[in-house]
Amino acid sequence: KKWLKIDFKEEAKKWRKEYPLDERLTSCAVEVTNEGVCGLDLRDLMLNYDWNVNFGRIIKDGQLGLINWSTQFQIGDKIIVVGNKEDIDSVVEEFGERVRMPHTKDSRSYDTRSIFVSNPNVAGNTIASLNLDKKYSAVITRIRRGDVEMLAKGETVLELGDRIRFMARRKDLRELSKFFGDSYHQSSRINLFSFGIGMGLGLLLGNINFEIGSIFSFKLGYAGGPLIVGLILGGIRRTGKVLWTLPYGANVTLQQIGLILLLAALGVRSGAALVPSLALDSLWIVLASGIISIATALTILFLGFKILKRPFGLLMGMVANQPAILDFGLEKAGNRLPSYGFTLMFPIALILKILIAQILFVALS
144 KKWLKIDFKE EAKKWRKEYP LDERLTSCAV EVTNEGVCGL DLRDLMLNYD WNVNFGRIIK
204 DGQLGLINWS TQFQIGDKII VVGNKEDIDS VVEEFGERVR MPHTKDSRSY DTRSIFVSNP
264 NVAGNTIASL NLDKKYSAVI TRIRRGDVEM LAKGETVLEL GDRIRFMARR KDLRELSKFF
324 GDSYHQSSRI NLFSFGIGMG LGLLLGNINF EIGSIFSFKL GYAGGPLIVG LILGGIRRTG
384 KVLWTLPYGA NVTLQQIGLI LLLAALGVRS GAALVPSLAL DSLWIVLASG IISIATALTI
444 LFLGFKILKR PFGLLMGMVA NQPAILDFGL EKAGNRLPSY GFTLMFPIAL ILKILIAQIL
504 FVALS
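Take the sequence shown: its letter number 307 is residue 450 in the numbering used here, and every next letter is one higher.
Fair warning: there could be bad hints in the mix.
Stated by the list, open to error - Just the calculated beta-carbon pair ranges, DEER-fashion: (1) 328 / 385: 32 to 38 Å; (2) 492 / 338: 22 to 28 Å; (3) 182 / 320: 47 to 53 Å; (4) 219 / 385: 46 to 52 Å; (5) 385 / 496: 30 to 36 Å.
What the hints assert, rightly or not - Quick list of in silico lysine to any residue cross-link-like pairs, SDA-like style, CA-CA up to 25 Å: (6) 452 / 477; (7) 228 / 324; (8) 157 / 300; (9) 148 / 446; (10) 384 / 449; (11) 277 / 293; (12) 296 / 375; (13) 277 / 289; (14) 157 / 442; (15) 228 / 278; (16) 321 / 332; (17) 449 / 428; (18) 314 / 244; (19) 296 / 339; (20) 203 / 331; (21) 221 / 241; (22) 228 / 243; (23) 296 / 352; (24) 452 / 162; (25) 156 / 289; (26) 152 / 233; (27) 148 / 384; (28) 221 / 245; (29) 384 / 274; (30) 296 / 313; (31) 152 / 333.
The hints are simulated quantities; they were obtained by calculation from the structure and are not laboratory data.
As the structure is a prediction and not an experimental result, all values here were calculated from the model.
Where is the CB? At the ideal position from N, CA and C, for every residue including glycine.
Assemble the whole structure, with the sequences as input and the hints as a guide.
Right under this line is the structure:
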């Protein structure tokens with residue numbers, strides 16, 4: 144870390160737009176005093192300045208309303224901006240100055256609320272596809288997924304268990320709660336039908352024998368089959384009314400159970416071979432495998448960080464070949480970047496290990 148001058152906090156700030164890390168969001172009121180931002184649609188301003196913020200309420204000519212992509216600002220408008228401190232400071236510098244949001248005669252007609260996404264018909268859809276500003280006059284400003292709080296974007300896909308924060312008219316709050324579900328219990332339940340179908344298809348795929356020529360054949364197995372099917376169904380997200388993704392809480396629980404079973408299986412299967420591997424004629428194999436693993440990991444970390452300019456936390460996740468090492472990387476990084484690297488490389492590595500093992504067996508035999 145010291146040798147490569149790695150700063151995990153700076154990495155998280157630099158790459159937060161590309162990877163939805165914990166944004167540490169806040170909000171403030173800004174008064175428009177700069178004529179340079181007036182007369183342009185918010186959509187054009189966002190393209191010109193590339194701000195990573197959301198806009199909520201606006202007071203224009205004494206009237207309170209919600210900001211949308213076609214909103215044009217005027218001198219004296221007072222707006223609410225949501226984002227992290229650095230991005231809000233950038234917006235304030237361009238728009239004008241910080242102020243306190245004054246109360247108007249219709250201030251009580253709008254409210255801010257946080258609700259859970261528990262409606263399976265909503266989960267798996269992007270925020271833009273819901274058309275909330277047209278149906279309910281509402282704007283989603285931020286989303287909390289697990290311990291991570293992130294800005295709500297039009298392309299953001301909602302998941303079961305998400306806690307969304309929005310601004311809307313008071314008269315629409317009950318309908319919005321009904322629309323999203325707003326049930327913590329329901330958002331934590333697993334759809335047994337989609338889960339069972341996915342596992343069944345995965346086990347079926349894992350038992351299929353793939354033949355390449357007359358001398359080479361392989362199976363994905365009970366690990367590779369469900370993994371491939373999970374990636375495909377996770378990318379599809381939903382088929383009609385069937386939602387293929389799991390709620391966040393259930394997903395984390397299954398990850399922990401899977402890690403426990405994996406480590407237990409590795410210990411049981413490796414324990415019997417531990418004593419024979421300590422024999423003198425086997426030490427060179429242990430030594431060679433350790434040197435190869437360390438050299439490969441160091442090469443990837445160095446080239447990725449220094450040459451390709453990728454975040455070191457992401458690279459740590461890529462070289463973590465099993466969940467226990469990933470947990471160590473998450474602890475050291477202090478953010479979720481290693482998880483993205485692990486998620487990206489794990490399915491590719493698993494499939495390649497299956498193929499390479501079969502190729503080596505055929506070649507060496």
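Going down the list of hints, with the structure as the test:
| no. | hint | verdict |
| --- | --- | --- |
| 1 | 328 / 385: 32 to 38 Å | 21 Å, violated |
| 2 | 492 / 338: 22 to 28 Å | 25 Å, holds |
| 3 | 182 / 320: 47 to 53 Å | 37 Å, violated |
| 4 | 219 / 385: 46 to 52 Å | 51 Å, holds |
| 5 | 385 / 496: 30 to 36 Å | 31 Å, holds |
| 6 | 452 / 477 | 20 Å, holds |
| 7 | 228 / 324 | 32 Å, violated |
| 8 | 157 / 300 | 23 Å, holds |
| 9 | 148 / 446 | 15 Å, holds |
| 10 | 384 / 449 | 46 Å, violated |
| 11 | 277 / 293 | 23 Å, holds |
| 12 | 296 / 375 | 24 Å, holds |
| 13 | 277 / 289 | 29 Å, violated |
| 14 | 157 / 442 | 23 Å, holds |
| 15 | 228 / 278 | 32 Å, violated |
| 16 | 321 / 332 | 18 Å, holds |
| 17 | 449 / 428 | 31 Å, violated |
| 18 | 314 / 244 | 22 Å, holds |
| 19 | 296 / 339 | 32 Å, violated |
| 20 | 203 / 331 | 41 Å, violated |
| 21 | 221 / 241 | 9 Å, holds |
| 22 | 228 / 243 | 17 Å, holds |
| 23 | 296 / 352 | 43 Å, violated |
| 24 | 452 / 162 | 15 Å, holds |
| 25 | 156 / 289 | 19 Å, holds |
| 26 | 152 / 233 | 20 Å, holds |
| 27 | 148 / 384 | 49 Å, violated |
| 28 | 221 / 245 | 9 Å, holds |
| 29 | 384 / 274 | 19 Å, holds |
| 30 | 296 / 313 | 23 Å, holds |
| 31 | 152 / 333 | 35 Å, violated |
Checked against the numbered hints above, the structure breaks hints 1, 3, 7, 10, 13, 15, 17, 19, 20, 23, 27, 31 and satisfies the rest.
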